[in-house]
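Student: Residue numbers (this note's numbering), protein chains in the order written: chain A, 1 to 522; chain B, 1001 to 1515.
No false leads were slipped in.
Only part of the chain A face toward chain B is listed, based on derived beta-carbon distances under 8 Å:
id : residue
1  : E239
2  : N250
3  : P274
4  : Q362
If you're looking for bench data, these hints aren't it; they were derived computationally from the structure. Note that CB positions come from ideal geometry on N, CA and C, so glycine has one too.
Here are the chains, one letter per residue:
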Amino acid sequence: MGLKCCLGGTTFHTLKIAVIPSSSYSSTFRPLSKTLTLGPLLLPRLHKLSSLPQLLPRALSAAPAIQATPSPNPDERVVKLQWKAAIDFKWIRDNKAAVAANVKNRNSNANLELVLELYERMLNVQKEVERLRAERNVVANKMKGKLEPSERQKLIEEGKILKEGLATLEEDLIAVTDELQQEAQRIPNMTHPDVPVGGEDCSVLRKVVGSPRMFRFPIKDHVQLGKDLDLIEFDAAAEVSGSKFYYLKNEAVLLEMALINWTISEVTRRGFTPLITPEIVRSSVVEKCGFQPRGENTQVYSIEGSDQCLIGTAEIPVGGIHMDSILAESALPLKYVAYSHCFRTEAGAAGTATRGLYRVHQFSKVEMFILCRPEESDSYHEELIGIEEHLFSSLGFHFKTLDMASVDLGAPAYRKFDIEAWMPGLGRFGEISSASSCTDYQSRRLGIRYRPEASSSSSPKKGKGNLAPTQFVHTLNATACAVPRMMICLLENFQQDDGSVIIPEPLRPFTGGLEVITPKSR
Amino acid sequence: MGLQCCLGGLKLVSSIPPSSYSSSILRPKTLTLALLLHRHQHSPTLPLPFIVRALSSPAIQTTPSSLPDEKFVKPQWKASIDFKWIRDDKVAMAANIENRNSSANLELVLELYEKMLTVQKEVELLRAERNVVANKMKGKLEPAERQKLIEEGKNIKEGLVSLEEDLLKLTDELQQEAQRIPNMSHPDVPVGGEDCSVVRKMVGSPQVFGFPVKDHLQLGRDLDLIDFDAAAEVSGSKFYYLKNAAVLLEMALVNWTIAQVMRRGFTPLTTPEIVRSSIVEKCGFQPRGENTQVYSIEGSDQCLIGTAEIPVGGIHMDSILAETSLPLKYVALSHCFRTEAGAAGTATRGLYRVHQFSKVEMFILCRPEESNSYHEELIRIEEDLFSSLGFHFKILDMASGDLGAPAYRKFDVEAWMPGLGRFGEISSASNCTDYQSRRLGIRYRPEAASTIPTKGKGNLAPPQFVHTLNATACAVPRMIVCLLENYQQEDGSVVIPEPLRPFMGGLEVIRPKSS
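Build out the structure end to end from the sequences listed, making use of the hints.
Tutor: As structure tokens, then:
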């Protein structure tokens, strides 16, 4: 067929090889089957048949055009996607101006024009596939009747040509769909209207709590305090594991346990379900949460010889707990408080900000995570930052809450509140927590939906029987306690003239009554 | 030189990829130092006839080895193995290897050791000759005589270079083979396979139930405590989420255990869970290979720990401790990661065998003469802990065939798990004597040791290797199996044992959700 020569042999061949094996098209494209053939059969039900043959040659001159388009990740272009996000392309197309402004405000490298171009292409190929399929059916139906041998032969030939054309087109459809996915996945979440537009310095102060403690003696930083009180061992860890690892020792161990216990009990009291999570997860789950487990500057440790990696935050395994499921509306909100160890390569991190416990490869963290109905995510975001503020003020920290600027938001976040606490030894504020609303960014990737109740009236067109169509939940995550940074605050803020450190009241029931860490007498 | 042709050029070259000789020893800097040290220890004698045999490396090649593919992997570090002792106690050594069903090849080790000694001597001989020549050249000489000496020196130098290379190769090979020799065994260790292990003690009696018992899987599901299904999707099989009261239970177990063990004078630690592979090896584990239990980090020489024994063992690596600082007693909390390659069957049901778990581990470094009594102390602590939780368990003196290479003696505790309907291992206490310390380089300097003046420098006694011991204080998932299965009630609830309640905010019973 004439179309074939447009595909640009070698390039397409590479694509094709990458495409066919191990492909697991997620929900949107191949919900029912593992084979290539079944998938397209579903398409006629989803799209009206209309043929646009004149557009096809352009649409199918895919390979060279795509290759020539500049991309920041040229090497990853042909990598087969392991999963698909349920991205609402139609919405992106219909809200192009807003999406473009958002991409710009967030300093994202997403290529919106390319996404839209690929989307149009995909639609065209899809339609052409449907047209050819319809023709093939016509031919097949004709052959059911009594026919002259010559006429039958003609139909057989016709059918064969159609089949060949269809096979090529279907392959092309897959290639375009993959590329569209890949490009579209780089589009960041939309942004809450109140988010300040700009770089980090544009972040807006929401609240300041407490005031810096006055010291009448020369203060030490936590590294010095850790050494003097025999609480932290960096040197041995550097030999055994590498730099930025550490052992906690003596009272620091009790302090870590107390922080975790106290935090979990405070947060469970507010109706959160406690969890302890796996710390090794499939890379795909990491990706679906909006992190990049591969590449030069990844923060993610990968397990050799497997598709697994170590979690950088419990947000990942908690996000995954309801993956690919439809929740009952009555089950929402789901509120979790998860304790895990977190592992980060901290590739590229350097400088004084990385001193001591501030930036380390491994740490314990208690993380809050909420899955809720879309209309409630803003108020749960307020709830999460409220819990954080309560936790940190009951420990007596001096801190500020920031509404983070657009450029400082990770791709999944719709809005992010950071808390920076005063660390007198380091002589600056340091981030101790972060609360993000990810709206449906993660749920569209993780496939977490809910079915609204009693909605027979609203959209009967799409519903099956009385069931309302499913919707994606919103997800939110927030740090309740990142142990090492809490430890910095505790040691540096509550140090005394005699070198001891006072443990704040709320933690004492969890340290076996220990009230003060005093220097060892030797 | 004549010696060179004995090395069997091509074969040798092909069997030693150049890249494999990358570590310290081959580099001249270290080389000279190492050889200089040998000089002090061995008087130069000249068994020249032996050298030819010693260097006929094909003999080495044909010696059977159970690990043929790994033969020429360059060791990244060296254990301070006491070869002389191995040679002098050959009979005991051979019996021990047999008793422990070890694949170590003692004959090969001894053969390599003799070869190495011989080459060492020859190296020293040639070096002495070279010095003689060098000294002669310092004087005034006839040009012809000087030329002759230059030639002579050149020949000696060439011979020395190839001999030194050979020495390195032999030393490496010796290390590799000798590292496979297991620790010696305590005289009381029963000889034989697992069924020969001897019951030291039986504590408590099995709980009698007046209702059909559930296993911990069923209880975990009914009480909404454990989620295996979501973990299988997110992570893979044998992963799990702990949920609701199970989270409190884990934290209570960890907190209570650390408090109990700290009270006995142990220093609490939390440890790195990513460590260099070499540390894993030095502790006696195999981080590489088909059936390794160890997860490795991609693109690095690091792996995940399978037990806190590894980072705690490493904490005093390459150091000489003061005798007064001993014993060092640690109680370490870490998460542990194991591939569980090859594990299958009913024993792997539920929480019994999982890829990730929290564990509190005890670790002691002590003087050699004290390790047996600290081993008793460790098993006594375990016994105290498990009996105060009301478990029914037995303590076993594990048979020789069941000891890992580092262990001199091992006591296992197996507790009754009524839901699984069998005893299951919940802890293990091992005395590793100097097996790990010789690899990790952990020594101490005995005080007031003027008794051994010959080896000492000044008044200092020579350092000795410490003994290390490790013992599980609390492997959380198996404790949860015991707790759930033993303390289940007819109404489906589970009673929390008294000692844990203060650590669970007073929670006494885990009840089914009313939903």
